[in-house]
Amino acid sequence: MLHEILASHSVLNDFFGYVQHHWGEHTTAYGRSFSAALLEALNAWGIVEGSHLLFAMLFFGCILVFDARLLGITFRDVKISEVSEKLLPFTVISMTILLASGVFVFFSKPQDYYHNIWFRIKMVLLLVAVINVYIFHKIVQKNQAEWDSAASPPTKAKMSAVISLTCWVLVIGCGRLIAYSWFECGKPHSDWMNSLEECQTSPLGAMTPADFTRQLANEKTANDAAAAAAATPAAAAPAPTAGATKPEAK
Amino acid sequence: MVLAQLDKILPDSFETIFHSMPIVHQWVSNLKTTGVAVFIQKIFAEMEVVHIMGLFMLSASVILTSLRLIGVGMTNQSPSVIEKNTRIFLHIGIVLAIGSGILIGISNAEKLYNSSAFLMKMIAMVAGIIFAYAVMIPVAKADGQAGTSARPAFMIALAIWVISLVFFSVKNGANTGMFHVLSAGGMIAFIALQGKLRWVFLAGVTAIFVVWNIVTHMIILESAGLAYMNANKLFMYITGAWVLALSLVNIYGKSAVAGTTNFGRMVGYATILVWVTVGAGGRWIGLS
Numbered sequence: 001m002l003h004e005i006l007a008s009h010s011v012l013n014d015f016f017g018y019v020q021h022h023w024g025e026h027t028t029a030y031g032r033s034f035s036a037a038l039l040e041a042l043n044a045w046g047i048v049e050g051s052h053l054l055f056a057m058l059f060f061g062c063i064l065v066f067d068a069r070l071l072g073i074t075f076r077d078v079k080i081s082e083v084s085e086k087l088l089p090f091t092v093i094s095m096t097i098l099l100a101s102g103v104f105v106f107f108s109k110p111q112d113y114y115h116n117i118w119f120r121i122k123m124v125l126l127l128v129a130v131i132n133v134y135i136f137h138k139i140v141q142k143n144q145a146e147w148d149s150a151a152s153p154p155t156k157a158k159m160s161a162v163i164s165l166t167c168w169v170l171v172i173g174c175g176r177l178i179a180y181s182w183f184e185c186g187k188p189h190s191d192w193m194n195s196l197e198e199c200q201t202s203p204l205g206a207m208t209p210a211d212f213t214r215q216l217a218n219e220k221t222a223n224d225a226a227a228a229a230a231a232t233p234a235a236a237a238p239a240p241t242a243g244a245t246k247p248e249a250k
Numbered sequence: 001m002v003l004a005q006l007d008k009i010l011p012d013s014f015e016t017i018f019h020s021m022p023i024v025h026q027w028v029s030n031l032k033t034t035g036v037a038v039f040i041q042k043i044f045a046e047m048e049v050v051h052i053m054g055l056f057m058l059s060a061s062v063i064l065t066s067l068r069l070i071g072v073g074m075t076n077q078s079p080s081v082i083e084k085n086t087r088i089f090l091h092i093g094i095v096l097a098i099g100s101g102i103l104i105g106i107s108n109a110e111k112l113y114n115s116s117a118f119l120m121k122m123i124a125m126v127a128g129i130i131f132a133y134a135v136m137i138p139v140a141k142a143d144g145q146a147g148t149s150a151r152p153a154f155m156i157a158l159a160i161w162v163i164s165l166v167f168f169s170v171k172n173g174a175n176t177g178m179f180h181v182l183s184a185g186g187m188i189a190f191i192a193l194q195g196k197l198r199w200v201f202l203a204g205v206t207a208i209f210v211v212w213n214i215v216t217h218m219i220i221l222e223s224a225g226l227a228y229m230n231a232n233k234l235f236m237y238i239t240g241a242w243v244l245a246l247s248l249v250n251i252y253g254k255s256a257v258a259g260t261t262n263f264g265r266m267v268g269y270a271t272i273l274v275w276v277t278v279g280a281g282g283r284w285i286g287l288s
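Sequence order for the protein chains is Y and S. For the first sequence, position 133 (counting from the first letter as 1) is numbered 133 according to our numbering, and the numbering increases by one without interruption. For the second sequence, position 14 (counting from the first letter as 1) is numbered 14 according to our numbering, and the numbering increases by one without interruption.
There's no promise every hint is true.
Per label pair, the in silico range of CB-to-CB distance [what the hints assert, rightly or not]:
1. Y:Glu82 x S:Thr206: 32 to 40 Å
2. S:Trp27 x Y:Leu216: 38 to 46 Å
3. Y:Met159 x S:Met155: 23 to 31 Å
4. S:Val95 x Y:Ala179: 37 to 45 Å
5. Y:Leu216 x S:Thr206: 27 to 35 Å
Just so you know, these hints were derived from the structure itself, not from any lab. Model, not experiment: these values are computed from the prediction. Built from N, CA and C at the ideal position, the CB exists for glycine as well.
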């Protein structure tokens, strides 16, 4: 019993569900939640989402050039520290705006995003990218003075660049795929996909292909029964009562 | 008043332009049944990811080279060095973005044919390609100096871009996307302006935004419909005028950074902003 309650209950799901559907509904016009109001706002939504995309362009541009330098593809004659120093302000500004706009984008549909597999993968990849940056600063960069001017930096620096580029390309890809509902809860998915998305706790529920087949069979049985009942007029239509009038012809 | 007239005069989409030629509409409608379109529809999402990656890649080259022409960013290196080292991203990005864009367009032709934002994006993209290849690259190669062909190419690209901006500004449903062009212009100006001018610029932008929000949240409310939209447009133009004015002060001011000229700075601003227009137009195809 306890297991079932735990499986169908998630504090985060409940919290995000409240935020998405109810928070602010007594304050905003038409009884919408703040999230719904943001999503339906004439200007604000486009501005938030568009800013997220455009500053991602600036951010990725900086990351791409720095990682390409680490890989020895571009700026081979320029010190790595110089490339890093000059790009850092743009990377920080764009990352800050990306995070801020990203919070607003998430706020527009927090419960939906919380259960979205692409969003979850994106968050994991972001974490990997952050860990990679931390390792780069703490371990790889320790002896940077020795290879700062090298046209082709050591393998560990190149590895870091490959991990970084892979993570950010996948983050961008996942970000775009979030909009697609292929793996939405409530649709028939394998058990592991339902688990990964915590569909059990989602308002749309978890459904496996077997559940879906069973549901179709039940619907077919119900439809057949309704059709059979309709085919026998005596059973389907009630007997005319005294005083009943014929409908007027139109 | 002028805007309303422009809105009526300018075509809404490719459909309006080719309205008198039903054969074009027929051809566009039939595109979705072609083998390529059917195949692309199956991998539409993946193709969109490739399209965005292309735009992101070319932005690496456009932003860094243009910022250097303005006099910010990697200022220890000359514009020609920046251009040489990032050119590869421009080439790959253009191929990915345009290649995937054509395939996406074939599979989604009818929607795009009727979209104001798409028409605007296509006009801006022509300007963007001219800016990148015929203006930015030659000017950066010459470390900010205008060659014989760069100035006429700049004028042509600028004229095309201005047309796309006029479209973007007057067409309801897409004009909010102008915010991105303005905010990008404001951000470049904020980074490029030096000393007190930078803070004068910021104070001006802040004041405009405060008044804008007071007017559109307390005086003319969303329920006012057309008046509300016009108020938004008016403040958009005021912001645009402020950003443009301070950008021109920056462009025609003196710079201590080597490899920057008035023309080079103008090219830098325009090349970044034209590609922001292309990106914003693309996003507003989906939103409008």
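Each hint tested on the structure:
| no. | hint | in the structure |
| --- | --- | --- |
| 1 | Y:Glu82 x S:Thr206: 32 to 40 Å | holds (34 Å) |
| 2 | S:Trp27 x Y:Leu216: 38 to 46 Å | holds (41 Å) |
| 3 | Y:Met159 x S:Met155: 23 to 31 Å | violated (48 Å) |
| 4 | S:Val95 x Y:Ala179: 37 to 45 Å | violated (25 Å) |
| 5 | Y:Leu216 x S:Thr206: 27 to 35 Å | violated (59 Å) |
Checked against the numbered hints given earlier, this structure breaks hints 3, 4, 5; the rest are met.
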